[in-house]
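Chemist: Each chain, letter by letter, is given below.
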Amino acid sequence: MQERRVLTDIQVNRSLLSTVLDTPNWYWPVVGALSIIVGGFVTTIILMITFGLGITGLNRPVFWGFMIVNFVFWVGISHAGVMISSILRICQAEWRRPVTRAAEVLTVFALATAASFPLIHMGRMWRFYWVFPYDFDRMIWPDVRSPLIWDPSAIFTYLTGASMFVFMALLPDLGNLRDRTTGWQRTFYAIASLGWRGNPRQFKLQFILGILLSGLILPVFVSVHSIVSWDFAVSLVPAWHATVFAPYFVIGAVHSGVSGVVTMMVVLRKLFKWDDFITPDHFDALGRLLIAVATAWLYFFMLDLFFGIYGGESRELSVMDQRLLTMPWGGMFFLIIVLGYIVPVSAWLFRSVRRNLTWMFVLSILVNVSMWLERLWLIVPGLQNKERLPFDWGVYEPGLFEIMLVVGSFAVVCLGLLVFIKLFPLIPVWEEKEGQLFQAEIRIGKRRVPAIIRE
Amino acid sequence: MPKRTILGVYQKPDDVAETVTRLRQAGYADNDFDILSGTPYPEGTFGEKVAAHRLYVFPLVGAICGFSIALLITAGTQLSYPMVTGGKPLLSIPPMLIIMYEGTMLGAILATVMGVIFESRLPRFDLGVYDTRITEGYLGVLVASPEEKLGYTEQLLRETGAEDIKKR
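Note that the protein sequences, when read in sequence, are chains A and B. Letter 14 of the first sequence, counting from 1, is numbered 14 in the numbering used here, and no numbers are missing. Letter 133 of the second sequence, counting from 1, is numbered 588 in the numbering used here, and no numbers are missing.
No wet-lab data here; the hints were simulated from the structure. Just to be clear, a hint being listed does not mean it is correct.
Okay, the calculated beta carbon distance ranges per label pair [what the hints assert, rightly or not]: (1) B:Ala506 / A:Thr187: 26 to 34 Å; (2) B:Ala507 / A:Thr187: 30 to 38 Å; (3) A:Ile10 / B:Arg459: 45 to 53 Å; (4) B:Pro457 / A:Val6: 43 to 51 Å; (5) B:Leu534 / A:Leu437: 56 to 64 Å; (6) B:Ala507 / A:Thr160: 26 to 34 Å; (7) A:Val244 / B:Phe580: 48 to 56 Å; (8) A:Ile442 / B:Pro457: 49 to 57 Å; (9) A:Arg351 / B:Arg623: 52 to 60 Å; (10) A:Leu437 / B:Leu605: 30 to 38 Å.
Predicted model only: the values in this text are computed from it and were never measured. Glycine is no exception: its CB is placed at the ideal position from the N, C-alpha and C atoms.
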């Protein structure tokens, strides 16, 4: 797991701080293009606030459409970030160094984007504070027995924890940037670094912080998507009311999230020429992880179907009939299985594919297309009431506004990442230097192999 | 007696280890000097002793506070306006546990972060004697020296390989 060149501290600084200290030619045009799309996203929200949710394809009985699909999808993407980072930190995996921060930052932006969708979906989003117990005069409190109250508490905890994780692990690098910049930038980094000087005590506490926060955030990560799944599972909508939903959603989130991290790492390596830091070994390891995760996801995916069918309850069977045998849902089922499991896992079985960046990029995109479709496939058919008398049937036809929200959400996350990259290093410089320090080679027979020095 | 701060800037870790030994021989206590670096060297590389910390208390206290606040919100709000909905009990334990769990974890996370900041002796807006080369691979040995030993300490740092000396 070590194919890296040995670099000096100055070379590591130059490579990893270049995103902050220099601006590549493509940066501002890409930021401009993304800003235009984000502008469209914001305009859509303003129009929805002005004219009401009626301008979307949502109508009785289908009240949960693309916005909730997007919410579940982005919560899912946010999951793998902290999961990968935490597990690798706790296990002290040497190859974690270039991956952790990018994964954590993806978590923060994906989760913030996810959290915006229930707000948009509320219609009157300026009343979001009603979920807090604020009304001491009239004592009208939120109902803690409702999953719509559990959701904000879980997401708030996760977003706070993930943001704190990113900020605290940034402190040594902020100190580094303070030393490399002048003028207002120096002032900004001096304040942000809180006066970091880098003595042994501070580094020791950084190490303990990484382990402690990882241990605290991992259970939160499991709870968040479980709670998101209970938004559905505690309702009485057929095919949603399933006990398997919590682990099913969590593993689905990990599947899409790890794939999202792979996509991001390929793009970053290509854009910033980080060949010395993000190596084919990283993709090989993530590819192997994805085989296990995808197989677990398929198990729960099928389990959910079998639970519905085996129960023999007529409303469940009717929804399953829609999902499997009626277009477009039947075709979507086929796509979900093929793009989410058969194609990627068959390919990941080959080492050459796992180490090929183009393949990994394409496969990770396919997985996320599949996972987005899966959320749509899970949410909408149950709401269309096709198991009832026809007067109550509904068909969901998403309009232009919803499509704009989907496209806009991707732009928001990409723009957030680009802004972060311009302000902060996306690969932890101090951890990379530690990796260089611990990197040594020993000769065994006729080979030189890496020796990782660990206490 | 007033103390002045003197910083020796080194290139090699071995020189810093030697400096730490010499400073101890010269009568300096462990809390009279500090080592600055841009890289986290394994603990004890320079023979330094890191003072004990109480970081582990913070998440525990945070978790207790978070749990208590969440219990207050979930139980207190329902009891203060006792309205039965859907025939469910007023204090329905499973949903309360969800909010209490999140509250506990949030308290523990926030307290951990505060604990690290406090135990790291941050924020510190005056860096004191410092050299920006420290984040480029150099090492700094920072000594709090009595005024009358300043010349001797500077000489000691130079003898052990300091490339540059800064004082305040």
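Chemist: Honestly, which of those hints from before does the structure not fit?
Modeler: Going through the list in order, the structure violates hint 3 alone and respects the others.
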